[in-house]
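Protein chains in written order, with the numbering used here: chain B, 1073 to 2049; chain D, 5 to 424; chain U, 26 to 106.
The reader is advised that the hints may include incorrect statements.
Below 27 Å or equal to it, Euclidean Cα-Cα: the simulated DSS-like pairs (lysine-lysine) are [stated by the list, open to error]:
1. K2043(B) x K2033(B)
2. K360(D) x K46(U)
3. K1121(B) x K25(D)
4. K228(D) x K1158(B)
5. K25(D) x K1202(B)
6. K1642(B) x K360(D)
7. K1218(B) x K271(D)
8. K271(D) x K1121(B)
Just so you have them, the derived chain D footprint on chain B, three or more residues with Cβ under 8 Å [to be verified]:
9. 1192-1198
10. 1211-1217
11. 1428-1439
12. 1595-1609
13. 1650-1658
In case anyone wonders, no lab produced these hints; they're calculated from the structure.
Quick reminder that beta carbons are idealized off the backbone N, C-alpha and C, glycines included.
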Amino acid sequence: MNAPRQGARLSATPLRFRFDGRVYTGQVGDTAASALLAAGVRAMGRSVKCRRLRGVMTAGPEEPNALFTVGTAPAVVPNVPATQLKLTDGMVLETQNRWPTLRFDLTSVLQLGSAYFGAGFYYKTFLLPKWHFWEGMIRRLAGLGKAPGRCDLPAPSLEHSHCDVLVAGAGPAGLAAALAAARNGARVVLAEREPLVGGELEFEQAQIQGRTSAAWTAAALLELARLGARVLTDTTLVAGSTGEMVLHTEPAGMPGAARVIKLRPRALVVATGAVERMIAFVDNDRPGVFLLGAAERYWVRYGVAVARRAVLFANHDRVYVAAGRLAAAGITIAAIVDTRASGALSAEAQRVATALMAMGTECLAGSAILAAQGRVRVTGATVASLSAPGARRVIACDALLVSGGWGPAIHAALQEGGSKRYADALGAFVATDAPDWRATAGSADGAMELAGVLHSGVAAGVAAAAHAGHRGAMAATPAASGDPAPQLQPFWRSPADETEEKRQFVDPQNDVSVADLRTTLAEGFIDIEHVKRYTALGFGTDQAKFGGQLGAAIVAQLRNEPVPAVGTTKLRPPFHPVTVRSIIGHRSGARLRPARVTPLHEWHVAQGAVMEAMGLWMRPRYYRANGNNATDAGIVEAGRVRTKGGIVDGSTLGKIEVVGPDAAAFLDQLYLTKASTIKVGRSKYMVNLREDGMVLDDGIVLRLSAERFLLTVSTGHTEHMVSHFEHYRETEWASSALTLTDVTDAWAVIVVAGPECRAVLASLLGNAWAETLARLRHMDFATGQHEEHDLTVLRASFSGELAFELHCRPAIAMALWASLVGAGLAPYGLEALDILRLEKGYLVSSELNGQTTPYDLCMDGMVALGNPCVGRDLLDRPAFHEPHRPRLVGLRATDGHSPFLGGAQLTEDAVTAVPAGYVTSSAYSPALGEWIGLALVSREVAEGGVLYVRDPLRGGDTTVKVVSPVHYDPKSDRMKS
Amino acid sequence: MPRYSALALLRARFQGARYWKPLWTGRTLKAAYDVVVVGAGGHGLATAFHLARDHGLKVAVLERRLVGYGNVGRNTTILRSNYLLPENHYFYEDSLRRWETLSRDLNYNVMYSPRGVVDLCLSDGDMITASRRGNAMRLAGIDSELMELDALERFAPELAPRRSRRFPIVGALVQRRGGTARHDAVAWGYARGATALGVDIIEDCEVQGLCTEAGVATGVETSKGLVRANRVVFATAGHTGMVGAMLGVPLPIETHLLQAMVTEPIKPLINSVLIYVHPGHGETYVLQSDRGGVVMGGYLDGFPSYTREGQWHRLEEVVQGAADLLPEIGGLRILRQWAGTNDMTMDGSPIMDRVKYDNVFLNAGWCYGGFKTIPASGAACATLVATGLAPDIARGFRLSRFATGHLLDERGGGPFPVRL
Amino acid sequence: MSRLICPFCGPRELREFEFHKTLPNAGDTPFERVYLRVDSLTHSVEHWQHIQGCRAWLHVERNPSTGAVLVMRLATAPGVA
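Next comes chain B alone, as it looks inside the complex (with noise of 0.2 Å):
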């Protein structure tokens, strides 16, 4: 076995993982591209569309080609890229996008028609006999890896924090930027995306004051800390605005945050950093190609020398310092391609040149790589002068290091404002026009040499502080030296036949040519915007950071207009890919929303309850001991409220305190008949309109004192209702002087109903509530004490039984709850509560939907009163008295036994398709022995007659007759008992 890699990240601790089946070893530290690189493995992954063999090309999150599927089924991550991905021992990764093998691999039949499959190529056929018959097919190809079977992603941590200043990015730019904010005084936090700070230090053999870079940095790093700022690696911004900047903190390379953090920055510095350009050429996307910047990083990190003998192919002065460093590191410098003309080098990228060329590597200037050679891996370079690009020649290497320039990471700087500037000498887009609260530094902001860098960094971090409140001089800026200025001639493309232009490759992931590029524009989609959504230019896993820019300059040059006419895509959050798993962080589950239960809860779920959901609370909808399902045993419940009596948790039911002088006329105002009228220690049933005029909702009205007022509102309608109330006293009637509490939460709620509840409860209450339990009409209420806490009985009823309701303290709620019990008195649940209103003709939010009006639901008499209050202007409106709006009747099957349920339609003949109404709610009735149902029908039928039941979603059609919606007990004797 080899002497381990000696690498910046890396530790000498050997490490093993299966890829593809085979076990490979690696070392801690290795991300899976670099052990891979590292093992001699080139191969690593194929495009979806073309099926071609693809290998790593960058060292970063924008790689397009190597994605792997982490993990065995059914527990794996697809798509995730090598680059990132650090090594576990026994970490299990496979290849995509073949079938079986990556080497051999059958759905590469789709090469053979990548001719057809140029741009569009789907709009224009799979037209016979139809897509759908198709889809199947092309979705299975279509995708990159294999979709999880499972997600065992744990939860994050969540943060929330604040500071002054957030600095994006830890580069040069970015340590300038923190350390001069922090010197201001400003508290900084300072986030690196990599699992260390330094960005192009890391390999830029700098001088900076007069230290090494790396030397610089630790001192910067010291510093920092002893200024109280807060340094993250393995942490990216990756969206956000003025109000919260959201960081995931990735420590594994792998989709899934161990924390995310919600920052609220009072000023943001980009210095993001710029990402690499490839160039375009005829099969630039063979394993073997890659970034330059990539190969220096591999070395430099990890101890990969990436290729034995490289052909270099760049714009700019960079390639020479690069090839310099390669060198020293081993790696045979075959040639250096570069566009530009001779003569554009400069002194120092001159003296390299002349260096390695004693060494015998060849520099071409004014040339370009034409081709890659070799399919599987990269066997040389075919390169051409520029001016006579006829006269081709190979040059045999194992690898091509591509460098067209850098594009600045201007994402996170173009969101709320902030615009985008086209930088000639980079011929790359640079973010302007920023909002105050934001500066953009380094070579995110276009400056790509170290002093340049540095000074913005240093501008960018004063002016963040002060826009924090942390006004202070202007640091000097460290005096530096680093690599020479790029000296970048634009280069986007190598010459190339036109049939050869499908393998020159823009965006690989995609397999985006420019063949594709051309095509395009001759179907007449110029905007750049167009080109993206008819080739999927950009819509990779990188977000066009790969190849967006590359795209829309040949987009430019293939309809001979400037880059800048051209302009980018615009750029969709999020910055960077995030995490489902992240985004939900503890929000899954039983945590996706609170529930909220009665203080009742847990003797009805202990009592065999069955529960369910109303909104967010949880009420029991019947309990198991009285039936197997929700129907029977809502009739044994229902039946014994009326034969014996019965109590039920209504503590759901929301409650609202009005007080005040003008309590009266502001509820008058928001009731359709008026609550002034209320005699203190009475009740009403009143309703709500919206504004429209709909009927918004229903509740009982206590008023306690001649100012103090007690609404009841339906469950879950609560919060709704409270804000509407407070809206009209904040705004229409501001002047009010009244006070709006919900009270909901203070009062527990027992409803006790049946003709034998009054002596049950006289006994259980004792003598002090005997006598009012007796004086009690059908809505009197009485307030008093009870085992020394408040109790407030309420005599009325939504059971059409002599009924109590109890309003309570929580605190004795379950003491009360339990004596009623042991006095014998059954509880009841939320089927048997709907059975025993439903008997009576009392509404629901099934008949409250919003889309019925008063004279829908028979109030016409409670309009009539002529209470002027919201909503009551918009009910004349004349479609609202036309014979076909709806009203409420009731319904029995004419049969005498059919069932018949809610959500039927009715009509007026067994065939017609025009419904005369629908059922809202039905229930077999204990009490009259037979099916009963509540339904809003056409005026025109309501009067009675039969209707037919038409019901093909369930079957069960049958025949019913209208009657009135009062089923049982009419004159309401047993309530009035």
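With chain B's structure known, arrange chains D and U on it following the hints.
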């Protein structure tokens, strides 16, 4: 323009990119038209297509920016006709039928995929509400099925409907013919089809005013000069409010933002369109595009906006809802978030009617559901414009209905576009 | 605009607030007040509530094209009744 087919691809293989011709670009603006359609989105293009094809009129489509750059290219591509009200469901069903043959009608593959739309029910009450709607559809001859858990498990096994969830699934209303289409293709297909019929589609041409004489519109002022027209149709979606301001006509419309998001592509995971609405959490719909990305959307961002920048906390809520449905997607990554502006009417249903002048028409108010109606909207609006009379299926979409009370409020939400 | 400044609570995240409605600007009849809007690309006057905070009702003026908040104050208006 070459007709599209496998044979055409073969020819292009040998003749190169020049074999293909521009779909719509290169036309010049003329001085006068029978009809000027403002807005080259789905509705404008489809209207122009039908005006030319069905009524033989000379038509221009004037577009401020680019063909298909608005909501037609920003939506989540869901097609369905599972509406409650007869004024809606006959219209949406007409549209769904047109989708079934649209690729062949346009000779352009819009990738209609009838994969089924699953409206999940989270309580027995939901099942009743869904039944009301499904039964109304069935009476109208529209396919709809109510599925309890066993049937749903067979239809959408990826959903594992019995899995423990915060809001347990109890069933679903399923429309099998519902599904998806490729959104951009619809704009491009109609643009190509209309151009072939002689329609001039002019991009970068902003309409700045309406020219009138004696109470009749005579044309439009544009950034490229004056254009005369016998009739003018506004199909400007999220900018309809601005049309109202331009005409001096207040409209029952507010402009709101709706966002969507997509993960990286994966092999098939989700085979239908899953829709989930819970009063305690909000709305989430999830589907997988043919390319493989998991596409998610929810309800409006919640306040009037023209920014087209979705709020991150709304994205979080939508993704949380989606992951409650399909926890498997936890390891995928959101690549892209985008947003569109929606012309939300005060009852949630569209407006297809004259506005202010006898020869000026509004094809608007499609809220967040306009994509699915493009084929029917184009045909119906063309009939209205050409004959002066809307077809029966679109008669409910009158502008006057808000004043008369003939509201088409599917949700019962009232005049509050943001309330779910 | 992911942060709003509540007159009581100071800068708070947008998610704490809830938009309620655009204020009537198309006339004073009940129908006009409830249903009609005159849209503007640059100016929208609205009522919001600091629903997950102090519950204050707020008068908010915004630029809907940029999200910029131009005015944010208590909604308290003179009595109408």
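Taking the hints in turn, this is what the structure says about them:
1. With a CA separation close to 21 Å, the supplied pair K2043(B) and K2033(B) stays within the 27 Å bound.
2. For the proposed pair K360(D) and K46(U), the alpha carbon gap of about 26 Å is at most 27 Å, so the pair holds.
3. Proposed proximity of K1121(B) and K25(D) is supported: the alpha carbons are some 24 Å apart, at most 27 Å.
4. A C-alpha spacing of about 57 Å is found between K228(D) and K1158(B), which places the hinted pair above 27 Å, so the restraint is violated.
5. For the proposed pair K25(D) and K1202(B), the alpha carbon gap of about 24 Å is at most 27 Å, so the pair holds.
6. For the suggested pair K1642(B) and K360(D), the alpha carbons sit about 37 Å apart, so the restraint of at most 27 Å is broken.
7. At most 27 Å may separate the alpha-carbon atoms for a hinted pair to count; K1218(B) and K271(D) meet this at roughly 5 Å.
8. Using a Cα cut-off of 27 Å, the hinted pair K271(D) and K1121(B) holds, with the two alpha carbons roughly 13 Å apart.
9. For the region 1192-1198 of chain B, the assignment as covered by chain D holds, since 6 residues bring a beta-carbon within under 8 Å of that chain's beta-carbons and 3 suffice.
10. Counting residues of the region 1211-1217 of chain B whose CB lies closer than 8 Å to any CB of chain D gives 6, which reaches the minimum of 3, so the coverage claim holds.
11. Coverage of a stretch by a chain is defined here by at least three residues with a beta carbon nearer than 8 Å to that chain's beta carbons; for the region 1428-1439 of chain B and chain D the count is 0, and the condition is violated.
12. Counting residues of the region 1595-1609 of chain B whose C-beta lies closer than 8 Å to any C-beta of chain D gives 10; at least three are required, and the coverage claim holds.
13. Coverage of a stretch by a chain is defined here by at least three residues with a beta carbon nearer than 8 Å to that chain's beta carbons; for the region 1650-1658 of chain B and chain D the count is 6, and the condition holds.
Checked against the numbered hints listed earlier, the structure breaks hints 4, 6, 11; every other hint is satisfied.
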